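Chemist: Top line first, the protein sequences correspond to chains G and P. Under our numbering, the first sequence is numbered contiguously, ending at residue 302. Under our numbering, the second sequence is numbered contiguously, ending at residue 976.
Be aware that one or more of the hints could be misleading.
Pairwise CB distance ranges, derived in the manner of DEER restraints [claimed, not checked]:
hint : chain 1 : residue 1 : chain 2 : residue 2 : range
1    : G       : Glu187    : P       : Lys614    : 47 to 53 Å
2    : G       : Pro188    : P       : Gln546    : 51 to 57 Å
3    : G       : Arg301    : P       : Leu647    : 43 to 49 Å
4    : P       : Gln569    : G       : Gln112    : 16 to 22 Å
Example chain G residues on the side facing chain P (calculated, C-beta under 7 Å, incomplete) [unchecked claim]:
hint : residue
5    : Leu53
6    : Ile107
7    : Tyr109
8    : Ile119
Not close to chain G: a few residues of chain P, all C-beta gaps over 12 Å, as computed [stated by the list, open to error]:
hint : residue
9    : Gln513
10   : Met514
11   : Met518
12   : Asp590
13   : Gln899
If you are wondering where the hints come from, they were derived from the structure by calculation, not from laboratory data. Model, not experiment: these values are computed from the prediction. Glycine included, C-beta positions come from ideal geometry on N, C-alpha and C.
Letter by letter, the chains look like this.
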Amino acid sequence: MIRQWLFLVGIALATSASGREIILEMPNHLAARAEYLAGAADKPAVLILHGFLQTHDFHTVHSMAEGLSDAGYTVLAPTLTLGIPYREQSMACEAIHGHSLQDDEAEIGSWLTWLEAKRHGPIILVGHSTGSMELLAYLSHHRDPRIVKLIGASIIEATLNGGEPARTRLATDLERRIKAHDGTPVTHQFSYCGRYTSTPAGLLSYLRWSPERILEAARALRVPVTFIMGGSDDRLPSGWTERLMQTGKKVRIIGGAGHFLDGEHEFELQDALTEEARL
Amino acid sequence: MRWGAAGMSRTYKVAHLSTLFILVVAALMLVLGIQMYLEMQGIRAELGRSQAASARREVTEAVASVDQDIRRRASRLAHWDEARQQLADRQYYMLWRDVRLRASGLMTSSIDSIGLYDRAGRILAPDKRHDALPAKMPDGPGYYDRHSTDHDDLLFFFPIYADPDQHILMGYGGFSFDLLDAVRHIRQFSFADPASFSLDRLNNSRIDMTKLAGRLHFKLRPQRNFDQFLLVLQQGFARLASFALVILLLGAFLVHRFLVQPLRRISDELKGLHETHSFIPQWADPAGFFHLEELENVRRSLHEYQSRVTTLKQDLERTNNLLFEQAHHDALSGAYNRRAFDSDCQRLTKDWPFGQYALLLFDCDRFKAINDNYGHAVGDLVISTLAACLQQALRADDRLYRLGGDEFATLLLDTDREQAQAVVERCLEQVGKEDLTQHGLREPIVLSIGVALADPDISFNEALRHADIAMYRAKQSDERKVVFYDSELETTPQRKCG
Chain G
24 MIRQWLFLVG IALATSASGR EIILEMPNHL AARAEYLAGA ADKPAVLILH GFLQTHDFHT
84 VHSMAEGLSD AGYTVLAPTL TLGIPYREQS MACEAIHGHS LQDDEAEIGS WLTWLEAKRH
144 GPIILVGHST GSMELLAYLS HHRDPRIVKL IGASIIEATL NGGEPARTRL ATDLERRIKA
204 HDGTPVTHQF SYCGRYTSTP AGLLSYLRWS PERILEAARA LRVPVTFIMG GSDDRLPSGW
264 TERLMQTGKK VRIIGGAGHF LDGEHEFELQ DALTEEARL
Chain P
479 MRWGAAGMSR TYKVAHLSTL FILVVAALML VLGIQMYLEM QGIRAELGRS QAASARREVT
539 EAVASVDQDI RRRASRLAHW DEARQQLADR QYYMLWRDVR LRASGLMTSS IDSIGLYDRA
599 GRILAPDKRH DALPAKMPDG PGYYDRHSTD HDDLLFFFPI YADPDQHILM GYGGFSFDLL
659 DAVRHIRQFS FADPASFSLD RLNNSRIDMT KLAGRLHFKL RPQRNFDQFL LVLQQGFARL
719 ASFALVILLL GAFLVHRFLV QPLRRISDEL KGLHETHSFI PQWADPAGFF HLEELENVRR
779 SLHEYQSRVT TLKQDLERTN NLLFEQAHHD ALSGAYNRRA FDSDCQRLTK DWPFGQYALL
839 LFDCDRFKAI NDNYGHAVGD LVISTLAACL QQALRADDRL YRLGGDEFAT LLLDTDREQA
899 QAVVERCLEQ VGKEDLTQHG LREPIVLSIG VALADPDISF NEALRHADIA MYRAKQSDER
959 KVVFYDSELE TTPQRKCG
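Just chain P, with the same shape it has in the complex (with noise of 0.2 Å):
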């Protein structure tokens, strides 16, 4: 990230962001996981609270079952004609208790003993082999809890009248039962754990019925297919997460192999070729396919961007070529022009790498009196043809100047006076080699050329204006038509550069 020059917008990178997005949506399914996690606890929590009270209610109507069916098969026995029978006549009781009363269906898996009571509260006669109830009714009808060594059980004890409007107490009848068996077997339990049930236990007193639900104590049952649920959602919920991370894990190769590497790579090409004024390559991917198309249209108009930008380019570079073709150089002789001269002197004088030099003026004799008599025609065929063996006279690097009208120059780097003579001579002996005739001119085309020899050490002007005077002098002589600078020359005006 860092900040656009243009002004405050800040700019991000593709991979920056993508990795930032993944971040966020794990963050945010970690968020709501932990939300969904809380969530089921408190809802664990709530049914917990709910089945606790469910369980209460299930043990307290349990109880109340049991004591409406210890009623019930109380209500029956009372009215059963035979238990009035054993009470008018105890002779036949054990018997018809062992044998009548166990098949009476009065007797459950819970109640294991039941027993007749005379008037006064005895016993009509004990159960030797099941010592359940005692051989003394306490105090009244009504439950007990009969908790010792050797019994843990209930009893229960209700009256029995010879008479159906129960003017006549015949006696009573007991039941031994166990509470808690009873209690899990009078009904189904969902919320509360038969198996748990256990009760405070109040020696050998009288109960009140109503009220002993609040004594049996119990567990909850596990609520499994709660527990269940809880466990496939959570199951299902870190399926959900685990494919949710593998889509973002996909979902940020997919991104940084086909966003943000090509980006990355389009940018770091585009800054390449802002630095290196390269070309944008046609790029050879070593996977070789499966690109963005919208990338890939990118790079395509880039790249033809950058074609038409480099056609652009090229057009212009050959245009300004051409147009300093044009500013540099004489249309009539193809030689460079006065400006090409005075630009290559400021050059030369603003940084002059060579040694020794020769600075050579050439200028063409009667010129203005052949341009006169034989026209400008001849004049520019001259022009033309001087320059034309100039330059075949020249070594390959040595550029001829035409300064103006028939005067021309060039500058020999790094030579000295022998190489400035042989330069010189094989001027002269071209020049000397053409014949004008045809073209109407009757007369040999002299040549006056000055020579100064130069260094480092003087300026250039300097040594164009002693090339100026030796020029000068070899015109004024008809012999001495190359006149290398001396400074005995000095009597002639100086000419400057540019």
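Here chain G stands alone, though its shape is the one from the complex (with noise of 0.2 Å):
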């Protein structure tokens, strides 16, 4: 099976000049779909990450691609396989989800070597909403140098209901499953998913970067950091965006902008990233 991974790369590879689909096998051996924009070699290349159970096709990662590319930048926008081979649809939230934040970021850690196995330079991270969080917690685990620096759009933590106490509780009893190797997926609130079914270990990785966690994490990194926030994100948590602000790294506010960055607003997103994107 691995001979024939290795062969749909060496397709992609081939391929990757004229087209925009990039198959790579990842670390748990499943082949990941992304999609890749050639951009000028003397600018940056840009990896964005999607967001909780979501794909490179969706709009927004969508749009800030386009506006990247069309600023020249090479573009390089993946999707998390989240255990499944060639993963084109957006994951349901029913599905037994048996992904961790680790494997996330060993996909991650595995697209950026491709992309500098192109030789693109400096690698700037761009996440949308919990992809946001996910670079970030890549950042913090991982050093790069040739990761320049970071933006995250829209960055927020996978949410639970109840704040930090419910965090914190479930967190409990997802370490004591854990501890007694109680592997059995639980069902529970995450994120935007009413019933959210993961194994404990999963969803225990992706619960540990509790905003708190993501405040620490931004202000503790030393590559740049660019925070762009819709003004009208309902999704966020009150003073989520001050609290942004107050880790001392630069927030940008779309003004009327929900979460998604969408709509009339695609093109502030985009005018955003490209600036910021300029090194």
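Could you use the hints to bring the two separately framed chains together as a complex?
Modeler: If you want it as structure tokens, here you go:
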């Protein structure tokens, strides 16, 4: 099977100059898809990561990729496998989720390796929603000198109703299950999912990235960070944008835009991205 | 029916014709009914053939639709990320199968089990609750018949590839479904009866779905609408036939009552009229009403015609009687003339119904001299007076004949000598009473009478001769003016009848 993956990777590489889809085998041995838009060699490459359970075909991601590509940037927008080879569809909340943040970070690392192999030079990471959180997590765990900037659009943790107390209780329960080697999937409200079914370890991996940890990681991050937030994002907890500002990182607010920064604010997002990508 | 007297043309009775008409109409209706029934049967048979073809087409299309539906669902499963997720990591396969797969909408009432198989064809996890899928996939993708004591389903296996270009086989999906139930529910059937579907099974063999419809057996759905239509048609025809029969019977009754009976009555009465020469009566119908105007006109015309004929007949009879009277009576005396005497003589001679009789001849003495001396007017008066006297003296049924000139005769039937003598004397007495002096006759009227008594043993002519002889003798005598024939008188010439 590995040989088949390699065969496909070869095909993807061979057709990357003209094609737009990249197939790459991930550390979990599953093939992952990405959209690759080659840009100018003197400009940094941009890796754009989608939000929770989405794909690179999500319209916000697609808009950001298009704007950056039009500005001459090389863009790579991968789709995390979430345990599914050639994943093409947004994963349903009710599906049995066996993936974890660590798996996602590993896949991000694989794509960065692939980008580095393309000798694109500096790399800018752009994320949307929890994708921004995952890139932040990745940067917190991996020091890569080629990554020169993180742009987090609508950055948000995987929310849990009940706030920190609920998060703490659920985390404790999940830790107990893991400790007891109980891998039975649990179903819980998580992020935008009313019923999210996941392995305890997988859920806990995302759960650990609470708002406080995001702010802390942002503050600790050495690479430049810019947050682009919607002025009317009703998915954000109250005061979240202000707390981001308190991290000392740059926060750009697109007035009137929602969580997905779409519609009439799509071009403002693209302008903001190109401005922030300019090193 | 009988042959006309005038020639070869045939005559018919109205009753027979009307009965024949009713029978012909009834026969036509019967033929029409039979033809209609046969046509209905033909239509039913044709419809049955058409229905069978349509039903076969329905079933074939339904099987094709099931095939398409199964393949469409298989494609959905094969392109479902979560299916590939399970093939990549089967750790939570059973949970996924029992929860996610059942909630996916891929299963139907006909598809009772869906499962995933690895690339080696081994099921990821057997479904102990729905043991419809085999643990090991048969030979490659496709349809299989799984027929056993525990299972009576079709199986469908299809590949699931990792990549969109279908280069990397990850495993297989498998459906277990009830074909007959799927066929029943895939569409509405207008001709085939879904409840009757049955399938020739091929135990655990690969199936070509394009040929499966040929192994699916069914019965035709009852065509209630057409049967109802036929029933309504038959009932309508039966009502029409009954109505026509009633109309026929009513018509027959009316024809019989108002045409046949009156015509028969006219016919019978005309026949009776012909045989008895009676008179057509003014009919007194017991019903008293509701006659056909035309027949009434015929009857009235016949009656008027008969009235005129009767009147003419009576006139003719009166004329005949008058002529007869004129031909058989003497205009002067009023007595029967010589023609009447000869006629009576012949009739009596031909068939003599009487016994003894007396033939009397009267002659007026010196009539020629009276006629010459006093003139014809007095002579005629003498004749008429003489006739009146004799007629008055004779009995009621006795006839007086004037044979010519002054000669009279009478015939006294069933009369003996004494009776004849009495009549003779009355005659002489009546004549003797007459006095014609006022008319210029200055002499008495003298009458000579010859009497012949006869019986059927002698001929009438012989009797007449005897009377003539006797009258001649009386005329020759001045004292003896009445002479009864006696054979001794046979000296005078004979006179003959007619």
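Chemist: All hints are to be evaluated individually against the structure, with a verdict given for each.
Modeler: These are the hints, each one checked on the structure:
no.: 1; hint: G:Glu187 - P:Lys614: 47 to 53 Å; verdict: 52 Å, holds
no.: 2; hint: G:Pro188 - P:Gln546: 51 to 57 Å; verdict: 54 Å, holds
no.: 3; hint: G:Arg301 - P:Leu647: 43 to 49 Å; verdict: 47 Å, holds
no.: 4; hint: P:Gln569 - G:Gln112: 16 to 22 Å; verdict: 21 Å, holds
no.: 5; hint: Leu53; verdict: 6 Å, holds
no.: 6; hint: Ile107; verdict: 4 Å, holds
no.: 7; hint: Tyr109; verdict: 5 Å, holds
no.: 8; hint: Ile119; verdict: 5 Å, holds
no.: 9; hint: Gln513; verdict: 70 Å, holds
no.: 10; hint: Met514; verdict: 67 Å, holds
no.: 11; hint: Met518; verdict: 61 Å, holds
no.: 12; hint: Asp590; verdict: 22 Å, holds
no.: 13; hint: Gln899; verdict: 167 Å, holds
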